[in-house]
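Following the hints, position chain B against chain A.
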Amino acid sequence: MGKNLRMKTARAAMDLSQKELAEAVGVTRQTINAIENGDYNPTVKLCIAICKVLEKTLDQLFWEDD
Amino acid sequence: MRKKEFDEMQQMLRYKIGYQSFLILAFMILAYVILTDFRIMKIENSTGLFILLLISLTYFISRCILSNALVGPKETTMKFTIKTFSLVLLSMTTAFLLIGFFSLKTSPSAPSGGGGQQLSLVCLIMWAVIGLVTLLKRYKDRKNDHKD
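So the sequences go chain by chain: A and B. The opening position of the first sequence corresponds to residue 1 in this note's numbering, with each subsequent residue numbered one higher. The opening position of the second sequence corresponds to residue 1 in this note's numbering, with each subsequent residue numbered one higher.
Treat the hints as calculated values from the structure; they're not laboratory data. For each residue, glycine too, the CB sits at the ideal point set by N, CA and C.
With a Cα cut of at most 30 angstroms, we get these calculated DSS-like pairs of lysine-lysine: (1) K74/B / K8/A; (2) K3/A / K137/B; (3) K8/A / K45/A; (4) K19/A / K74/B; (5) K19/A / K143/B; (6) K52/A / K74/B; (7) K16/B / K74/B; (8) K143/B / K16/B; (9) K83/B / K137/B.
Label-pair restraints from in silico Cβ distances: (10) S46/B / K8/A: 49 to 55 angstroms; (11) S86/B / K3/A: 43 to 49 angstroms; (12) E55/A / G131/B: 39 to 45 angstroms; (13) N41/A / E5/B: 19 to 25 angstroms; (14) T93/B / K3/A: 48 to 54 angstroms; (15) R39/B / N37/A: 47 to 53 angstroms; (16) Q20/B / E55/A: 35 to 41 angstroms; (17) Y139/B / D39/A: 19 to 25 angstroms; (18) K8/A / M12/B: 19 to 25 angstroms; (19) L5/A / N144/B: 16 to 22 angstroms; (20) I82/B / I48/A: 34 to 40 angstroms; (21) L66/B / T43/A: 19 to 25 angstroms; (22) A31/B / A24/A: 44 to 50 angstroms; (23) A24/A / L121/B: 44 to 50 angstroms.
Bound conformation, chain A alone (with noise of 0.2 angstroms):
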C-alpha cells in the first residue's frame, strides 16, 4: 500500500496538524502517520470520520486511481 499523499495534502491545505486531526477524529497521532504513510488501512468508520474533518469525500482522499 502506497502512501496516501492526498490525505497529507488536505490535512496541510486545512491548516491541521497530525496531532489536531487525530484529537479531532479520536484516535492517535501515530494512527493518523501510519494511514498517511500506508503502513496502516482504517475502517471505512475512520475514513468517513477524516473525510467530514477534512471537508472531502470518500473518492477524494482515498479511492485509488488505476
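Coordinates of chain B only, in the frame set by chain A:
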C-alpha cells in the same frame, strides 16, 4: 467521533501482540515441562511458572509501549488521575497489611519456601526492561516530532 479507550489501530496491535505473548507463554511452559521432566533444570514448580508468566507479561507490555498501544487517545482528567492514584495507593496498603498479617501468623523461623530471590530478580529485570523500553520510545517519539 467520540473518543474511545483505544483506537482501532491500537486494538488491532493489542490483539496481535496478545496472541504472540500467549504463544510465547505456551511454548515456554512446554519447554519448561520438558526441561523439568528430564531434570535438566531444577526450579520450584510454582516459582518457575510465575517467572514464565512475568516474561510473557514483560514482552506484552514492552511491545505495547513500542507500538504505542499501551494507552489510548482518551485524555485523562485530573480527577481521573487522582482516582487512579488513590486506587493504587489503596491496593498497595491492602497488600502490605495482608502480607504483614500473614507474616505475623506464621512463625519467623519457618522456611520461606524458596524461589523468593529468583522472583525478586525477575521482577527487577522486568521493571528495568520496561523502563528502558519507555525511554527508548520517548527518544524515538521526540526524534519523529522533530521530523514532522
